[in-house]
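Asks: Below, each chain spelled out in residue letters.
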Amino acid sequence: MEIEQVEIFEHLRQHPPFSLLSDECVQEVAGDVEVAYFRAGSPILSFGDEVKDLYFIRSGSVEIYRRDGELYNRLGEGEIFGQLALMTGKQARFPVHALEDTLIYFIPESRFFRLFDEQEAFADFVEVEDRTRMRQAWSNRQQANPLMTTRVERLVHRGPVLVSADVPVQEAAARLVDEGISAVMVIAGHPSGKGETNDLRHPELVGILTHSDLARRVVAEGLDLQTPVGEVMSRDVASVQKDSFLFEALMAMLQNNIHHLPVLDRMRPVGMIDLADVVGHETQNSLFVVRNIFLKESVEGLKSLWPDVEGCFVRMINEDANSHMIGSAISVIGRSFKQRLIELAMEQLGEAPVPFCLLALGSMARDEQFLNSDQDNALILSDDFDPDQHGAYFEALAHFVCDGLAEIGYRYCSGDIMATNSKWRQPLQVWRKTFAEWIVKPRSEALLNSSIFFDLDGAAGDVRMADELRSEMVEQAAQSREFLGCMAANAQSRTPPLGFFKDFVLEKSGKHERTLNLKGRGTAPLVDVIRVHALAAGSQACNSFSRLEDVRAAGFLTSGMADDLRDALEFIAIVRARRQSIAVEEGRRPNNHVDPDLLSSLDRRSLKDAFKVLSTAQNFLKFRYRP
Amino acid sequence: MKFTRRSRPSRSRRSHIAPDWPARFRVRAEACRHTALQHFYSKGTAAPETPLAETPFAALDLETTGLDPDQHGIVSLGVVPFRLERIHCRQGRYWVVRPRRDLATGSVMIHRLTHARVSDAPDLEEVLAELLASLAGRVVVVHYRGIERRFLRRAVTERWGEPLEFPVVDTMEIEARLHRGVGRSRAVRWFRKFMGGQSVSLRLAASRARYHLPDYAPHHAFTDALASAELLQAQVAHHFSPDTPISKLWC
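Chains as they are written, first to last, in our numbering: chain A, 1 to 627; chain Z, 1001 to 1251.
Because the hints were derived from the structure by calculation, they are not lab data.
Any given hint might turn out to be false.
To be verified - Quick list of the computed label-pair ranges, beta carbon to beta carbon: (1) A:Asn619 to Z:Ala1047: 39 to 47 Å; (2) Z:Asp1243 to A:Glu10: 34 to 42 Å; (3) A:Ser61 to Z:Pro1056: 45 to 53 Å; (4) Z:Asp1243 to A:Ala554: 54 to 62 Å.
Claimed, not checked - Here's a subset of chain A near chain Z, in silico, CB distances under 8 Å, partners left out: (5) Glu4; (6) Ile8; (7) Ser59; (8) Asp308.
Beta carbons: idealized from backbone N, C-alpha and C, even for Gly.
Here chain A stands alone, though its shape is the one from the complex (with noise of 0.2 Å):
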């Protein structure tokens, strides 16, 4: 096949929307283009110019701006700008000029709106513009459901009203009067046992006072009205963080039975938010599995709501969540399992014989949990705890626990990494010391197979010994370069499937051929990624959302860099878990791989970004972090 204008074909189907189409169709277009020449800082569009073609930039680059100067969006070769004009008022809305020496190919409009009726490929890239629809992808998702997106703070109407744990009950009741409402946060008393409470700059707070409270404990009691508030407050109350979503508070009522929520900026209390605050917000569903697991009274009655898992992952991907509210719903209906089967365990194996904690590693640490998701867990035991007393009982445990949750839905851990493995159910001093010598004598191999013990989190029992272990773990590792360097070594192994369209890297073995690993290419290795950040910088976060915000406010990637690490992860997490969805939906098991001729194009375009922007990722840390 000869054509004339083979120079502008032959660059024209390199590029999307025009490498979605077929050879003929590209021809046509080439056909059409007309080619314009504009000097670096020259005028392409103006404001309110008659937009009369599709632009593509054939060499140099373009700089887009709003009206009011800021810059919009930057575009090279093989872009294109001007689809929205097209598709809309056909003015131009930001003008453009161009940043180098630039050569625009004009596709004319007819043209333009021709492709755009026959070619669902083309529309499909089209109706998003440009380098922003990953990020538009998301903001629109965001949108779309302000149930799901609220965030508790918006909740919060008033200051914190806080009583100090040494006044009087008496003192506390009346500012619940005065102040009209049902619970006030009590913080930890004086040195000089006087209430104060109004000029506290760190005030800790030590549990909340609410009505109920002084009917059962102080009305029903009989109890002096001196009492001070601290022996007849609730201690060890659930709170929530105010930049959380609401129904992450909601799950926290729901899962402990509670009303009133204390809200934290970090360690400070901020206000806080009861039921009746969220009646309205009401976001069903995944709410009702939490408090399903906490009525069943058995491993079998567990297992019965593992659909019901399956279709509120399904629902909130219906709903157009993202992936970190999935990703948080999942991973508190997978907590809730492991402490419903630890209340079932000592249901049947008696009390503990010493304080212990069930951990949380990788996903569910991370709030970041899936369906099709490995179990992943390990028991911290007091230091009291003494082999051959209490060895039978904790391994006794351990199986109910980790069976409990293969039964469930869970599949067993296929590196081991379970309370089942002696090795990993130890007493706290010697995880201490496993972590130290992971850190101070790092070794890559061994790392290799350890970094999800880096997202750790308590899960059940007493969670405190893993809050410690883990601050613990984070202030060495922040400060060992030799660990960081191993750590940011293995966080390259994995690299992204570059080369997208045609020379698609696929996965090469086992029976997932031809498909592309969105987890094991993607998500873990943007996962691991961003956790050297984080453990460099300090950050106790296990969130990879929460710890991208913990390094760029310490300042160790750029907000641009953060940023797209951000939309990367967001987006090739969200891909991941509508193809769940719809392997659930279809009544197939769901899994991490996708077939690339299943995604749309705009999908596989954006995909293509992120795993850029991995590549870039994995690259800086090689040098970030060179041990």
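Mind docking chain Z on chain A? Use the hints.
Replies: Relative to the frame of chain A, chain Z by itself:
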């Protein structure tokens, strides 16, 4: 740093003394016999004072079997009509023709045209009328007029026994002017210094690269015509203005 301003007559200044093209066209239109030529000349050409922005152009490229019109022949022709503001590929034309002289094996490789493709092609005479129609009323743009104008002239004389002449804007000549002599601006002096005083390549690809125009695969008549059109757009964007009269550039 001191620069001495000297006005010196130079070779390329001479090229600025172009004929009165509209008058020439009127004369030729009267004199010629072949209808295709009558059409061509009667369409006239732009007045010398026409601003570049309003001048209709047609970029022209010929692929030939060699450099000498006496020994070599034309193999393919590409025409891309355009205006300074836009190049319109849709109106472009491309022909493969059978040269009357031997097809040297060396150039076959260059033009990526097979013997079969060329020996099945028509004689230039069959496309000449169409070619002239696509150039009529337009100022022809070439990169090195030594080829295009001379070969076409020769071909027309040979076939119709009449002369062919028309104004051209030679993008190579423009580059030569910028880099070798006349009208040296401070920027050009700087550029020459920057280039280390070495001679600047005036070939199409090298000239385009100076304006950050993309690499195009050479030796396809249509592509080269397009490439010349883009080069003129770039040259004007950098060194002239849309208001510059065409007489400044043509010869």
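Asks: For every hint, state whether the structure bears it out.
Replies: Outcome of the hint check:
The supplied range of 39 to 47 Å is broken by asparagine 619 (chain A) and alanine 1047 (chain Z), whose beta-carbon atoms lie about 59 Å from each other. Evaluation of the 34 to 42 Å hint for aspartate 1243 (chain Z) and glutamate 10 (chain A) yields a pass: the beta carbon distance comes to about 36 Å. Against the hinted window of 45 to 53 Å, the Cβ-Cβ separation of serine 61 (chain A) and proline 1056 (chain Z) comes to about 31 Å, which falls outside the hint. For aspartate 1243 (chain Z) paired with alanine 554 (chain A), a C-beta distance near 56 Å keeps the hint of 54 to 62 Å intact.
Checking glutamate 4 (chain A) against chain Z by beta carbon gives a least distance of about 4 Å; that is within 8 Å, so the hint holds. Nearest Cβ of chain Z to the Cβ of isoleucine 8 (chain A): about 7 Å, under the 8 Å cut. The hint holds. A least Cβ separation of about 4 Å between serine 59 (chain A) and chain Z falls short of the 8 Å threshold, and the interface hint therefore holds. This hint is violated: aspartate 308 (chain A) has a C-beta 58 Å from the nearest C-beta of chain Z, more than the 8 Å allowed.
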